[in-house]
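Colleague: This is what each chain is made of:
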Amino acid sequence: MSDVNMTAPELAAVEIDGMNRSTFILKGALAAGAVYGTWAVSPFVRQALAQELIPGGGEGDIGILNFALTLEYLEATFYQRGQKLKLSGEVMQLAKLIGDHENEHVVALTKTINDLGGTPVPAPMVAFSMKNQGQFLKLAQTLEDTGVGAYNGAAPLIKSKDVLAAAGSIVQIEARHAAAIRLLTGASPAPSAFDEALEPSAVLGAVKPFIK
Amino acid sequence: MTPARTEEGQVGALAELAHDPSSRSRFLKLMGGGIGAASAFGVFLAACGGDDGGNAAGTTTGAGATTGAQMSSDIKIVNYALTLEYLEADFYAEVIDSGLFKGAQLNLIKVIGDHEAQHVEALKGTVEKLGGTPAMKPKTKFPLDSPTSVLELAATVENLGAAAYLGQAGRIMDKEILAAAISIHSVEARHAAALNVLTGKSPTPDGAFAKPASMDEVLPKVQPFIVS
Numbered sequence: 100m101s102d103v104n105m106t107a108p109e110l111a112a113v114e115i116d117g118m119n120r121s122t123f124i125l126k127g128a129l130a131a132g133a134v135y136g137t138w139a140v141s142p143f144v145r146q147a148l149a150q151e152l153i154p155g156g157g158e159g160d161i162g163i164l165n166f167a168l169t170l171e172y173l174e175a176t177f178y179q180r181g182q183k184l185k186l187s188g189e190v191m192q193l194a195k196l197i198g199d200h201e202n203e204h205v206v207a208l209t210k211t212i213n214d215l216g217g218t219p220v221p222a223p224m225v226a227f228s229m230k231n232q233g234q235f236l237k238l239a240q241t242l243e244d245t246g247v248g249a250y251n252g253a254a255p256l257i258k259s260k261d262v263l264a265a266a267g268s269i270v271q272i273e274a275r276h277a278a279a280i281r282l283l284t285g286a287s288p289a290p291s292a293f294d295e296a297l298e299p300s301a302v303l304g305a306v307k308p309f310i311k
Numbered sequence: 122m123t124p125a126r127t128e129e130g131q132v133g134a135l136a137e138l139a140h141d142p143s144s145r146s147r148f149l150k151l152m153g154g155g156i157g158a159a160s161a162f163g164v165f166l167a168a169c170g171g172d173d174g175g176n177a178a179g180t181t182t183g184a185g186a187t188t189g190a191q192m193s194s195d196i197k198i199v200n201y202a203l204t205l206e207y208l209e210a211d212f213y214a215e216v217i218d219s220g221l222f223k224g225a226q227l228n229l230i231k232v233i234g235d236h237e238a239q240h241v242e243a244l245k246g247t248v249e250k251l252g253g254t255p256a257m258k259p260k261t262k263f264p265l266d267s268p269t270s271v272l273e274l275a276a277t278v279e280n281l282g283a284a285a286y287l288g289q290a291g292r293i294m295d296k297e298i299l300a301a302a303i304s305i306h307s308v309e310a311r312h313a314a315a316l317n318v319l320t321g322k323s324p325t326p327d328g329a330f331a332k333p334a335s336m337d338e339v340l341p342k343v344q345p346f347i348v349s
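Line order of the protein sequences matches chains A and B. All residue numbers for the first sequence refer to our numbering, where the first residue is 100 and numbers rise by one. All residue numbers for the second sequence refer to our numbering, where the first residue is 122 and numbers rise by one.
Note that these hints are calculated values from the structure, not bench results. It cannot be assumed that every hint is accurate.
Coverage of chain A stretches by chain B, computed from C-beta distances (three or more under 8 Å per stretch; other residues unrestricted) [stated by the list, open to error]:
hint : stretch
1    : 220-229
2    : 237-245
3    : 253-266
4    : 284-292
All values reported here derive from a predicted model rather than from experimental measurement. Yeah, the Cβ is synthetic: ideal placement off N, Cα and C, and Gly gets one too.
Sequences and hints are given; from them, build the entire structure.
Modeller: Structure representation (structure tokens):
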């Protein structure tokens, strides 16, 4: 909470020592996934329409937006921490650029949820085990690729055209981040002609190691 | 309970799509499986549209089905995307033939060109499945002067392509076609970002939020490359 580098006030919750409510409920969602198996926790269609993706996050478009908000919080904090590592000039520049974008996504999603009459979920408490540039880039690639899959999976379920437009405009940026990071790790910027659409359970499974 | 079975059936099909190791065949399955499958799923989604969740799925008959007019509008959009993909695929084929590139850059161009060829094939198949006539392959001409100018043109074309897909997202009626278009959209964005970086530009020229482009904005920009 005392971190002066925070550019989004919402990220303050991330640094609170101890377990906050969102972490608790997110852990609950992950535990449910572990019990039923990643793929068995009903697919996106049913989850998005009939239950909350993030407990306390609401249903329908608001639920999808809160799901996205949780991922953006995760990414924003990741880049904030990454910038404390010893990175090359090129990597540091990209980390700052992407981190700024993720913060803007957090702010925009929070505003959209409020505008729709929903309650934005608080930032989850996260932990990343990275000590050097190589580990940072590897995690960044995983997070960005997962972000693309998450938005792509959610897009067809969004009811509001405005929300769909916003999600589309964000996912394109996540894809661009993924490609830029991949160029730095030596991976193909576009590993397939068609990007995968991930179900929420798969997304939660991918980010599980980072939620405290 | 019939509704529950219907729902489970869709669940199985989705899971199968998600597990398919080949993204191309996954896409084709997504688009194909017959119109019947796609429309049934459309009904399913529409029936689930209420706030009370998915329990009523299958009890509604055709209420949310994609209408003929909507389908025809979707065909137009897919044909528009097909025309852009034809252009891109042709462009990379000519670039590869030009001999201007070798090594890592040539490899990247080949990867991107292969993606565009797969997009062409998938979109063409989609129009046919929808009962439409695929757009004709345009005859193209691109200025291939130097490696630098070619990479810059490639970046321009990819950025335009990403914006073009984004511009159509809200106009697509059928959820399956939207899912397919979205899965291509982010790949065009990846291409654009990589080419931007290679040409010394920002991978994200629009900042944190990508700007869409309408057909009216896109078509005049690709017109110079279409001979007939």
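Colleague: Run every hint past the structure and note whether it holds.
Modeller: Each hint, compared with the structure:
1. 220-229: Contact hint for the stretch 220-229 of chain A vs chain B: violated, 0 residues under 8 Å.
2. 237-245: Coverage by chain B is violated for the stretch 237-245 of chain A (0 residues, Cβ < 8 Å).
3. 253-266: holds (count 8)
4. 284-292: As far as the stretch 284-292 of chain A goes, the hint holds, because 5 residues have Cβ atoms under 8 Å from chain B.
Violated hints for the displayed structure, listed by number in ascending order: 1, 2.
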